[in-house]
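Undergrad: Residues per chain are reported as follows:
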Amino acid sequence: MLSFEGAYRKRGGTFLADILGDDPLDFWAGRFYVGVFGVVTIVATILGIATIALSIAALGDGDLARVTIGAPLREYGLSFAPFYQGGNWELIIIFATIAFVAWALREVEICRKLDMGYHVPIMFSFAISAFVVLEIIRPLLLGCWCEGFDLGFTGHLTWVSNTGFKYMNFYLNPFHAYGVLGFFLTAMVLAMHGSAILGTYNTNADSNIETQNVDNFWRDYIGYSIGELGIHVLGFWLAIYTLIMSDLCILTSGPWVKDWVEFWHFSIPWFH
Amino acid sequence: MATVIARPIIPPMEFPGPSPMDDGDLLGMRLGVPIRIPLLARFGMSTQTGVIWLGTWGVLSTFFFVAGLAVLTFAGVQQMQGNMFLLIKYFANVQIQPPEGLGMAPSLQQGGFWQINMVLWAASVTCWAFRCYERCMRFSWRPYLFFAYCAAILLTSTIWVFRPIVMGSWAEAPALGLNSDLDWAQNFSVLWGNLYYNPWHMLAIFFLFGSTMLWGMHGATILATAAEGSHLEDAEIKDMHSGSHKSMLFWRWTMGFNANPKTIHDWLYWFSVGTVLASAIGIITTGPIVKDWYVWGVDHGWVQQYGAITREAINGAPQIAPVGINAPDQLGVPKGQGGY
Amino acid sequence: MRKLFAPLFVAAVVVAASSIAPIFSKAKADAPTTQSAMGAPERALQTPASMVNPAQDGEEIDHRALEIYKGEYGPVDQSKPLDFSDQPKSVPRNYAAGQLYNVQVLKGYSYIQVVGQMAYYTQSLGVQCTYCHNVQNFAYDTPTKRIARTMQIMSNGVQHDWIEPVKHDYPNYAVTGAVGCATCHRGNPHMDVRWNIVPVQYLNSTNKSTKQAGYVVNSMYSAARSLGVNCLFCHNSADFVTLQYYPTNKIAHRMWAMVDDINHKYLPANIKAVTCYTCHQGAKWPSALVKAGLDQAPVQAVASHPEYQDNPGAHLDSGAGR
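Protein chains in written order, with the working numbering: chain S, 37 to 308; chain Z, 9 to 348; chain R, 38 to 359.
The hints are simulated quantities; they were obtained by calculation from the structure and are not laboratory data.
Careful: at least some of the hints might be erroneous.
What the hints assert, rightly or not - DSS-like mimics (lysine-lysine), calculated; alpha carbons at most 30 Å apart, straight line:
| # | chain 1 | residue 1 | chain 2 | residue 2 |
| --- | --- | --- | --- | --- |
| 1 | R | Lys287 | R | Lys321 |
| 2 | S | Lys46 | Z | Lys97 |
| 3 | R | Lys245 | Z | Lys299 |
| 4 | Z | Lys97 | R | Lys309 |
| 5 | S | Lys294 | Z | Lys97 |
| 6 | S | Lys294 | R | Lys321 |
| 7 | R | Lys245 | R | Lys204 |
| 8 | Z | Lys299 | R | Lys302 |
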């Protein structure tokens, strides 16, 4: 345990405690908090890894970078495919989703224990949404599980490439462009914030460098300083914006637009 | 704490006083008065905009940047034959192409504008780098920001300058224009065997997505504990209080590992710098070293082989045997063939 | 030391990534190890046998027509009616006896066959006889007649050089009469010229700058739009350059060479009026074939070809159904 940790480890306040009165799973295993959702996560993870291991053994390729567990073929539609022809993929998706959601709920429990805001699980939910949109919602909208990405290190990259070219030129997807902008802005702002702190921090208690210095630097350099709270607000909302744009970019490709080059060939009345 | 603050406290506006380090710069002055935007306080952001520091390097950089914009606009108007209406409608399609080969462009239209813009852009970016260094020194910062900026310049220089020089033609660089930049990314990947299989590209994406993930984690953590002052990171590094305790414990209990208020910024910084550095390596190895990333991937066991690889396609033998081309003397006229 | 942890981690990831290659075996997968519909099980595919074009028909062709046409394309203004003011008002002709005059290309056709062919022309181009003829004197030569002669030569040439040899690889393909006036003109004397493509030599991948690759990619988009399909119809985007095993890819190579040949042989030097769109007009198989009931034959022919059996899934995702 960390030096100050003891004071913060308190039982109570969990979901199961609200339902049952006492939560037998409300304990720490070493440094990890368990809780009911921790158990769910571990079980789902173990089942998922077992399915993956079975599938890799059946595929007979020991090269982990190359082996790919593919989505079922189009002929199975939204039904359960046979295990080695896509059923394993479907199962892994189910286990993964359960594990991710349980992880987010476990984070909520930890937030409640520490009396913190729920920002972290909310952010993580947006990250889960990217996975769910890609593997569950979009295939449902398009009517077959074959539309989800294959599970494999380079296998999923082939899927990304082929899906992009299916819509001719994915760079022209405006939501994709907004998402890329979000990613690049995030990287830039991250470098700025990281270098601001790393450039000015001082561990001596009697240092004469104060936070005012950081504000003045940014005002000199780019004309605006967002402030030490504001930068975290900006980062939080930039990440959420990026994830929302990513979700939209893949949801619109297929259900709405089939050709992103043709998408731009519209004419506005009066504007010829 | 809520991200929107109901009754924000707005501090007075300020900027640093004179310093002997600012002397000796002809244009060393702060221009104008700061402007207050009160709405920003509701989102926890500082309300003061301005006053920006000019500085010789800053003024030079701005001048070159504006000059570059002017050249771009002029070239764009020329492309649209003077029709401003068309320029607005086809703004994304304006493209100023580079010349072939490494010499001077034969004319303004055939790469001259591109080269002029490259010079102006390089000058502007270099002046800004000097400005960055000078301001860091003025405020006694460790040069993290300057290094990050130099890494970014390294990436863009690799794409627009170094790799074209190594490959022997300016035409390897992207044209200037919105759609043409996007097309360059697509054409580049198509020509060199699909960049997804470039391991440096994979690393760069890992760092890029990781940056966004870390930003989400760090931003969310600070906002969740901001009520206890965890956003005052300089103070927290010197002496941690309950906000930092909770942040660290949250991650320790969740994933078994935690940074501290100082080292988290190491993670943030190196992930974002790692993005641009890995990208630069990925670009410069494409062409000079690896001709086809898919074939490279198959050869090194990374990638599933999807079909017979026609190595002639990358080694230069003709792919298309002339088929069905017959001597014109033997053309026949099918009798009674009136079509349908 | 703690403050170096993050940069060390990043460096470790970089080093591990670059050293990961020797850890994995260099052996390529022999058996299919992916069940994805996107990547296809690999199997070395044979290129089709080179197509032999047996010599046909020792008939003479009036190549003057070609030369005349190529030289006269410019000044011909087909928007104005023909001017016969300098011609004799009537010339003695004996059409009733089945006589034909000034027939240069349709040699060996009987009178009825010539008239039938003329009716086909008017139907395919959506024009009247006066578009090419002085109806007081059908034999009189006009600029549009000369163009029509070249077009007839071209139509026969394309059918003979490019369509007939398809039987060698797809024996079930009903090739007869695939190319006629209507194939390209569709009831319009002026063809719809759009979706231009680069010459076929451009498709070779070496020694191309990224800018030149852009021309090829634009052409690929033109070809895809002309056929109403997306990139996956012919390609596996894992590698556009080396993966060319789809039957559609091979067909497209031939088609590309054909378009080049047509533009080079029958049209004036700088005019690339014929593109993929000319015949396909947005359909995988030209609707002219559909009208003749011939489109199902190519579908069956391609689908039943042994080369196609390995990767049916790829084509299901091609978006060609829109």
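Undergrad: If a hint holds in the structure, say so; if it doesn't, say that too.
TA: Each hint tested on the structure:
1. A distance of roughly 15 Å separates the Cα atoms of lysine 287(R) and lysine 321(R); the hinted pair therefore holds under the 30 Å criterion.
2. For the suggested pair lysine 46(S) and lysine 97(Z), the alpha carbons sit about 63 Å apart, so the restraint of at most 30 Å is broken.
3. Of the pairs offered as hints, the one joining lysine 245(R) and lysine 299(Z) holds, with about 12 Å between alpha carbons and a cut-off of 30 Å not exceeded.
4. For the given pair, lysine 97(Z) sits about 28 Å from lysine 309(R) by alpha-carbon distance, which is consistent with the 30 Å threshold.
5. Taken as a hint, the lysine 294(S) and lysine 97(Z) pair is honoured in the structure, with Cα atoms around 23 Å apart against an allowance of 30 Å.
6. With a CA separation close to 17 Å, the supplied pair lysine 294(S) and lysine 321(R) stays within the 30 Å bound.
7. About 35 Å separates the Cα atoms of lysine 245(R) and lysine 204(R), which puts this hinted pair outside 30 Å; it is violated.
8. For the suggested pair lysine 299(Z) and lysine 302(R), the alpha carbons sit about 36 Å apart, so the restraint of at most 30 Å is broken.
Of the numbered hints given earlier, the model fails hints 2, 7 and 8; all others are met.
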